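In order, the protein sequences belong to chains A and B.
Be aware that the first sequence starts at 2, since it is given in the working numbering, and climbs by one per residue.
Be aware that the second sequence starts at 2, since it is given in the working numbering, and climbs by one per residue.
Do not take every clue at face value.
Here are the simulated EDC-like cross-link-like pairs (lysine to aspartate or glutamate), alpha carbons at most 16 Å apart as the crow flies [claimed, not checked]:
1) A:Lys-13 / B:Glu-27
2) A:Lys-13 / B:Glu-30
3) A:Lys-181 / A:Glu-220
4) A:Lys-13 / B:Glu-10
For the record, the hints were derived by calculation from the structure and aren't laboratory data.
Please read all numbers here as calculations on a predicted model, not as lab measurements.
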Amino acid sequence: MTRPEVAPWLVKLARSKTKSRLSRPALETLAIIAYRQPVSRPEVDAARGVNSEGVLDNLLERRLVRIAGRKDSAGRPFLYETTREFLVAFGLRDLGDLPKVDGELVLVDPGAAAETAIGDADSADTARADATDAARAAADPVIAEAVVTDAAVAGPASAELTERAVETGTSPLPPIRISKILAQRGLSSRRGAEALLGAGRVRINGAIRREPGAQADPEGDVITVDGRPLPPIAAHRYVLLHKPRGYVTSRRDPEGRPVVIDLLPSGTERLFPVGRLDFDAEGLLLLTNDGELGNRLLHPRYEIPRVYEVQVERQVLAEDLPRWRRGAVLPDGPAVPRAVRIIRGDGRRGRADDVARGHVCRGALSRGQALLQGSGPSGAAPPARPVRPPAAREPAGRELPRAHGARAGGLNNLRGPDDSPILHRIR
Amino acid sequence: MTEPHDVLEALLFASDAPVEAALIQEVLELPSADAARALVQDLRTRFEDQDRVLQIIEAGGDSAS
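Construct all of the structure, not just a fragment, from the sequences and the given hints.
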């Protein structure tokens, strides 16, 4: 505890920190999520009257909110919820600790949002005002005070909100990140796009742009990569591939080994593997040109665990699990699983969640436990040559959601310890 | 009784993240960030002189305790 006489300085410290930390739109968005979770972005947008994508990214990055799943409505939008970090940051024991707000926080049904915005400006205003109230209420006293101070300087809060809404309305296409544009066009993953930028291969209106956060207007600006204009937005394609052993999960291998792309029928468009299975591992792999999905599934910010089902050669006993849980140090850094458990009575199958690096099977290998091929009885010899197609095919029906629980919230019976979806399956 | 270095100690103690020199300057109304750094150095010396169990470390140009 600090002595009471230093309190004035501590209050000052808390104020200057929170002011620089959360913008008013961020606080407002956070409050809507806190009170209405799980909630989708269209609902948040409808309540605030402005696009919340950037703000949500920011909140995700700060780990104040996370993706809870997908909503069963048109477009299957992501649902957002607050995190434990949110509770810690605001000094709440649980969500029941949120201050009660008088009146209902009205969330306009996004389906009817456009209609409402035109036909009933009043109700949209009410929703915004409610959201602002909630934002103030949700903040702890110090932050709430900071918000009020800001508002006093900037004028009535509602006036400012309206102004911002109008601003957004008149600018039809705000610039977006180049990495996102390149990912949308199927040129690369978002991260790959940042590498392209860094290498000076991307030009906007003739000028080389290198900074990872560079933005452009996909309609108005001329964007070229290696001097070539961007391809039109590609239709998204998803391919499920049973990756055999002896293939590198990559588009190209500097050492000239076979890559998973070789397994696709010739003429298949440019697809990227989502995540990876090691050279010696086999199992289900998703390939797509949907850079957004890839980014959502892989970026650590979204904390989507990669769950691996691993069969090992030697029997794994319960007393071996602590060693498994310690993880392993791999050439590119430590890989520590979030959870490991045995799922078959014979002790031969383990499951591991690994959010940091998807190298669980290498972790297993580094313990001297070779992976077995197939799900047959132990000792089944792997075929000399990899399985050829029909190893690769497009997901049928609800299979894509199946392969990627993150996309649909399906897979009810195959979930990680904290209700996380299964991504890869190594048999 | 409440000397600037006492306040600084409280700031570092109460903050969950490293405190930037500029922030120390602002909160304590010091003339410059260098003055804030000097104060941190002063506190660090005091900690050492008194064999306190706490030590102040710098993280990426910021200071933390």
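Status of each hint after checking the structure:
1. A:Lys-13 / B:Glu-27: 9 Å, holds
2. A:Lys-13 / B:Glu-30: 11 Å, holds
3. A:Lys-181 / A:Glu-220: 14 Å, holds
4. A:Lys-13 / B:Glu-10: 15 Å, holds
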